[in-house]
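Undergrad: Below are the chains, spelled out letter by letter.
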Amino acid sequence: MEDLLIRLELSALQDRYVAALDNDRIEEWPAMFTEDCLYEIVSKENEDQGLPAPVIHCDNARMLRDRVLALRNANIYEKPQYRHCLSGMEWTQQAAGSFSMRTSYVVVNTSRDGTSSIYQAGCYLDHVVRTPPGLRFRSKRCIYDTLRVQTVLAFPI
Amino acid sequence: MEDLLIRLELSALQDRYVAALDNDRIEEWPAMFTEDCLYEIVSKENEDQGLPAPVIHCDNARMLRDRVLALRNANIYEKPQYRHCLSGMEWTQQAAGSFSMRTSYVVVNTSRDGTSSIYQAGCYLDHVVRTPPGLRFRSKRCIYDTLRVQTVLAFPI
Amino acid sequence: MEDLLIRLELSALQDRYVAALDNDRIEEWPAMFTEDCLYEIVSKENEDQGLPAPVIHCDNARMLRDRVLALRNANIYEKPQYRHCLSGMEWTQQAAGSFSMRTSYVVVNTSRDGTSSIYQAGCYLDHVVRTPPGLRFRSKRCIYDTLRVQTVLAFPI
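Residue numbers (my numbering), protein chains in the order written: chain A, 1 to 157; chain B, 1001 to 1157; chain C, 2001 to 2157.
Same shape as in the complex, but just chain A:
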């Protein structure tokens, strides 16, 4: 039963993560990571060939906070309206309070003209740790299947 409750806790974290991105609350995004975190977006093609070359690479939480400021202040991006669908969550315990987790995602975006379409499919490879204030991502790597990725990729997935 303990395993089932850990599963539920991890899945609540993942839900909170996508809810912040999907409901225009990106300020909450950096706080879900540890300070010494890794956040990456990489194509599956590169990942499979061992050539990471990430589209986004942030290796601490300050970089995430900077990105939020940039996204809020710069008007160069059309703000997306994402809805993340999640499935196939799997996890293993690595050490006490340390978990690796994999979750498939499909992101649907509604563009300014009101058309909803699949923006990106892929999977999250996460490393989650238990900290005094709760579960946090030590690393989150977004491996996307979709090749034609629009320029709004600067927005977190």
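Hints are supplied without guarantee of correctness; some may be wrong.
Short derived list, chain C residues pointing at chain A, Cβ under 8 Å [stated by the list, open to error]: (1) Leu2008; (2) Ala2012; (3) Ala2019; (4) Val2108; (5) Thr2110.
Below, simulated DMTMM-like cross-link-like pairs (lysine to aspartate or glutamate); rule was C-alpha separation at most 20 Å, straight line [said to hold, decoys possible]: (6) C:Lys2044 with B:Glu1078; (7) A:Lys79 with B:Asp1048; (8) A:Lys79 with B:Glu1045; (9) B:Lys1044 with A:Asp24; (10) C:Lys2044 with B:Asp1024; (11) B:Lys1044 with A:Asp113; (12) B:Lys1044 with B:Glu1090; (13) A:Lys79 with A:Asp113; (14) C:Lys2079 with C:Asp2024; (15) C:Lys2079 with A:Glu45; (16) C:Lys2079 with A:Glu47; (17) B:Lys1079 with C:Asp2048; (18) C:Lys2044 with B:Asp1113; (19) B:Lys1044 with A:Glu78; (20) B:Lys1079 with C:Glu2047; (21) A:Lys44 with C:Asp2024.
Interface residues of chain A toward chain C, partial, derived using beta-carbon atoms under 7 Å [unchecked claim]: (22) Leu4; (23) Cys85; (24) Ser87; (25) Val106; (26) Ile118.
Think of the hints as simulated: they come from the structure by calculation, not from any bench. The structure presented is a predicted model; accordingly, all values stated were derived computationally and were not measured. Don't be surprised by glycine CBs; every beta carbon is placed ideally from N, CA and C.
Position chains B and C against the provided structure of chain A, taking the given hints into account.
TA: Frame of chain A; chains B and C shown alone:
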């Protein structure tokens, strides 16, 4: 742990809700609401501007039952074949046995010619109460992102 | 509370199932079934008319293992890159350790040219049993809504 179990209970209610709509059992739909319920479908654009102007507005369960009868008897609508994808569920307790809940949805529809496509993306804003027979929606507001909404909107989301 | 934990267990099994298919680990697929299992893919149209005529019909686990070998060795199929979205899970207990379960699915596929699109929507009708090594599918029937099903249907859903 209590919080995790409430989460699971709320998410079971939401699953039951979409299962009734997706599997041609709309007769079960009104019974998931309290008698003095609110059910609305509103565009995100209007919601954000504080101009509700809902596409559907029902303020008691009788109106929901009437709608089910109309949908079953009238043949003016092409019956949709929806599949709701849900994610990003968040909840807070408002009072004893009273919860507010937010969940993103993406509805895929398969039309009569057998083509499956995204019909609508958006989020549910729900108020759920514990009643003697179980959890019920006191209000469910469907805020949709997608602008081009087809005329079958008379069918509940 | 026992019911909520069974729900969580069943949903973990379903997640494991789609994770194996979505992450190129089809070797794990047959082991999630009992030896005397049934696996079928049937169109909703046929199912509703009582004319099963399944696209795939396997009535024991050896047939599933053979299919995995065929898929790995034959190069006639373009290997799909699926992401299954699941929702609306409902279950009932049939006998001690025996459960029927229904879950909606939407499968998004990314083709070789990197385009992600809805491949198939439908629902799983499952019969799950508790065995010494854990929960297993005694039968899984995939009832699909989408009519235009591509030739890669030989790959499990």
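Undergrad: Taking the hints in turn, state whether each one holds.
TA: Evaluation of the provided hints:
Satisfaction of the interface hint for Leu2008 (chain C) is found here, the shortest Cβ-Cβ separation to chain A being roughly 5 Å, below the 8 Å cut-off. With its C-beta approaching chain A no nearer than about 6 Å, Ala2012 (chain C) sits inside the 8 Å limit, and its interface hint holds. Taken as an interface hint, Ala2019 (chain C) checks out: its beta carbon lies about 4 Å from the nearest beta carbon of chain A, inside 8 Å. Taking 8 Å as the C-beta contact cut-off toward chain A, the hint placing Val2108 (chain C) at the interface holds, the least distance being around 5 Å.
Taken as an interface hint, Thr2110 (chain C) checks out: its beta carbon lies about 4 Å from the nearest beta carbon of chain A, inside 8 Å. Taking the CA atoms of Lys2044 (chain C) and Glu1078 (chain B), the gap is about 17 Å. The hint holds against a cut of 20 Å. Restraint check: the Cα-Cα separation between Lys79 (chain A) and Asp1048 (chain B) comes to about 15 Å, which is no more than 20 Å; the hinted pair holds. A hinted pair counts as satisfied when its Cα atoms are at most 20 Å apart, and Lys79 (chain A) with Glu1045 (chain B) qualifies at roughly 14 Å.
Distance hint between Lys1044 (chain B) and Asp24 (chain A) is fulfilled; the C-alpha atoms sit about 12 Å from each other, no more than 20 Å. Proximity of Lys2044 (chain C) to Asp1024 (chain B) is assessed by CA-CA distance (about 12 Å); at most 20 Å being required, the pair is judged to hold. Taking the CA atoms of Lys1044 (chain B) and Asp113 (chain A), the gap is near 13 Å; set against the 20 Å cutoff, the hint holds. For the suggested pair Lys1044 (chain B) and Glu1090 (chain B), the alpha carbons sit about 19 Å apart, so the restraint of at most 20 Å is met.
Distance restraint check for Lys79 (chain A) and Asp113 (chain A): the Cα-Cα separation of roughly 12 Å lies within the 20 Å cut-off, and the hinted pair is therefore satisfied. A C-alpha spacing of about 9 Å is found between Lys2079 (chain C) and Asp2024 (chain C), which places the hinted pair at or below 20 Å, so the restraint holds. A C-alpha spacing of about 14 Å is found between Lys2079 (chain C) and Glu45 (chain A), which places the hinted pair at or below 20 Å, so the restraint holds. For a cut-off of 20 Å, the pair hint linking Lys2079 (chain C) to Glu47 (chain A) stands: about 18 Å separates their Cα positions.
Note on Lys1079 (chain B) and Asp2048 (chain C): the hinted pairing holds, with a Cα-Cα distance of about 15 Å set against a maximum of 20 Å. Of the supplied pair hints, the one linking Lys2044 (chain C) and Asp1113 (chain B) holds, its CA atoms being roughly 13 Å apart against a limit of 20 Å. Simply put, Lys1044 (chain B) and Glu78 (chain A) have alpha-carbon atoms about 17 Å apart, close enough for the 20 Å limit, and the pair holds. With a CA separation close to 18 Å, the supplied pair Lys1079 (chain B) and Glu2047 (chain C) stays within the 20 Å bound.
With a C-alpha separation of about 12 Å, the suggested pair Lys44 (chain A) and Asp2024 (chain C) falls inside the 20 Å cut-off, and the hint holds. Contact between Leu4 (chain A) and chain C, as hinted, is supported at the beta carbon level, the nearest pair being about 5 Å apart and thus within 7 Å. The criterion of a C-beta within 7 Å of any C-beta in chain C is met by Cys85 (chain A), whose closest approach is roughly 4 Å, and the hint holds. With a least beta-carbon distance of about 5 Å to chain C, the hint placing Ser87 (chain A) at the interface is held under the 7 Å criterion.
A distance limit of 7 Å between C-beta atoms decides the matter here; for Val106 (chain A) the minimum to chain C is near 5 Å, and the interface restraint holds. This hint holds: Ile118 (chain A) has a C-beta 5 Å from the nearest C-beta of chain C, less than the 7 Å allowed.
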